[in-house]
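Asker: Below, each chain spelled out in residue letters.
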Amino acid sequence: MRFIFKTDYTQDIRLAKHGGHVFWYALLVLTLLAAPWIVSEYWLAQLTFILIYSIVGLGLMLLAGFTGLFSIGHAAFLGVGAYTQAVLTNAGLPFPLALLCAGALSAAVGMVVGLPALRVKGIYLGIATLSFGFIVEEVFARWESVTGGNAGIHIKAPNMFGWQLASGEEFYFLCLVLAVGATLLILNLLRSPTGRAFVAIRDSEVSAQSMGIHLARYKTMSFAISAALAGVGGALYAHKLQFISPDQFNIVQSIDLLLMVVIGGLGSVHGAFLGAIFLITMPQVIALGKDWLPDVVGQAPGLQGTVYGLVLIGFVLFEPLGLYGRWLKVRTYLQLFPFYRRGMFKRQKSFQKSDRLR
Amino acid sequence: MMDVLLSAKDLSVRFGGVLAVNGVSFDVKRGEVFTLIGPNGAGKTTVFNLISRIYTPTSGEIAFEGRKLSELAPHDVARLGIARTFQNIELFEHASVLQNLLIGRHTHRETTLWSDLFFTPKTRRAEVAAREKVEQVIELLDLQHHRESLVAGLPYGVRKVVELARALCTEPKLLLLDEPSSGLNVEETDDMVFWIRDIQHELGVTVLMVEHDMSLVSKVSDRVLAMNQGEMLALGTPREVQAHPGVIEAYLGSVDDVASLRRAA
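Protein sequence lines correspond, in order, to chains A and B. Last residue of the first sequence: number 358 in my numbering, and the count goes up by one each step with no gaps. Last residue of the second sequence: number 1265 in my numbering, and the count goes up by one each step with no gaps.
Possibly wrong hints are sitting among the right ones.
To be verified - Just a few of them, taken from the derived set where beta-carbon distance is under 7 Å, the chain A residues facing chain B:
no., residue
1, His18
2, His21
3, Phe23
4, Asn150
5, Thr183
6, Asn188
7, Ser192
8, Arg196
9, Ser207
10, Gly212
11, Gln284
What the hints assert, rightly or not - Output of the computed footprint for chain A on chain B, the stretches with three or more beta carbons under 8 Å from beta carbons of chain A:
no., region
12, 1057–1070
13, 1073–1081
14, 1089–1102
Source of the hints: derived by calculation from the structure; they are not laboratory data. All C-beta atoms, glycine included, are put in the ideal place defined by N, C-alpha and C.
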């Protein structure tokens, strides 16, 4: 059990709260830096995908987990980023500039989509973003002169002012740098007034407003930041696959993204990463498991969907805080051993919350 | 000392066929504790919601330091120096007490999105300064033990204090307290009396409150306005209002009612 005595306000603001944080995160970064020499090429590619999805997940986590706005059309932002990157890279723009444009355009689209969020809430916002996702997918398919329509579009390797990042290792490091950068930005945001305003909106709009928080401005801001990160993720996704087509950004992708943050654990930055790890490794695990199952089950179509569905139901029922919530409990158990009590994480019912002012 | 901080003139609000507030006028003077009392459904909380711009009056006008509130958006009210608590506690449940209080500093925010994203020295300084201010409020209301706890796990009495603390963190000129003692035990209510006095005398904050506990009302209030069914019944010192025949009737029924009851028995 660790007790932290705070003697200074900066201690409260610091990202690494104690030596343990410094040690473990340094170890994690070192491991990730050494990964190309440790794991096989195939798993390095999977790791790259995890990093890309983490960036997208961080954005969606900010929106859904910290601002309380659910988007069921997030693949559209991924798509906007991917197509912007593809078109600009093929036109010869260097990678950093193209990435900046991809993020900025996604953010702009995000602000437009954020407009209905100012009026509708909950399930209705879900429907609005869902239909937005369909519209964007349709645009990708129909705007053939730019997107190449359903035939898809090839994208060249990222070009850093003459330096071609053609190999898997180089691209992995690029993703790693961007993922770490995105994480730091989100962590900074969450420990500053902007992030707290998001949390305030999530927990009680009426009192956020009475504290002087401009709801419309902050909701739009959250949508824009979230979409920008999805756009950056989309750009990397396009480079990684080297080929994109509209059906990669359909509703299934959107639901995968939402699944990722819910299973990872809404309202935690770790959750975005844990969710990404889950999303990428689960199909591999299922593929491995197929061989062990009888053919009737193992070779049946829709096995992956079924497993995903069951896992999601399981999490919603037994662990609403997701993988990160489970980890917190395990950690507390180990820290307090043998004094852990069963009811420690039991949610207190709050029946005092008023719905009258909503 | 005696100038008017907030004045409501001929305030009415109608929800469909219900006239929730009807022609209510009152002035809150700088530095006083002004209490609204009345039976359930009298329109007290509606008056609060009119001041914090959650509702817009059907007719009439509220002015704060001479500025018309109807010209402002709901989130601008806090910037003028009006802070409030809610009848059914509206805290940010899944955040710590400290974070809740820091959100109370929002109107004093000096940083921008960009300086926040990169956590520049400016944001860092602002964060330290905000914590210093918050710590003063924590000190005043004895919340040190709960600084790091999540609001969702706190008992009702503490949440009530946290909400008061959050309102104080905005450094308001006018504090609206919606039933500060509801759900508190005797001891906690006594603490609340002390704190309201401290807020009035030491911090110099004007308090407008809705309250049912008459002992608390008579201990802290300078003036009391009694309402019934959206209308004003009586305005004066706590003693005057409690003795007012209309107030007694609204709470206990009229002499005729009592007489008819007696006949029935």
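Asker: A separate judgement is required for each hint: does it hold in the structure or not?
Answerer: Status of each hint after checking the structure:
1. His18: violated (14 Å)
2. His21: It is violated, given that the least Cβ distance between His21/A and chain B is near 16 Å, above 7 Å.
3. Phe23: For Phe23/A, the interface hint is violated, since the closest Cβ of chain B sits about 22 Å away, which is over 7 Å.
4. Asn150: Because about 38 Å separates Asn150/A from the closest Cβ in chain B, which is outside the 7 Å limit, the hint is violated.
5. Thr183: Thr183/A check fails; min Cβ-Cβ to chain B is 12 Å, beyond 7 Å.
6. Asn188: The hint holds - Asn188/A has a Cβ within 7 Å of chain B, the shortest such distance being about 4 Å.
7. Ser192: holds (4 Å)
8. Arg196: holds (5 Å)
9. Ser207: holds (4 Å)
10. Gly212: holds (3 Å)
11. Gln284: Hint on Gln284/A: violated, closest Cβ of chain B at ~34 Å, above 7 Å.
12. 1057–1070: violated (count 0)
13. 1073–1081: holds (count 7)
14. 1089–1102: Contact hint for the region 1089–1102 of chain B vs chain A: holds, 10 residues under 8 Å.
Against the hints set out earlier in the document, violations occur for numbers 1, 2, 3, 4, 5, 11 and 12.
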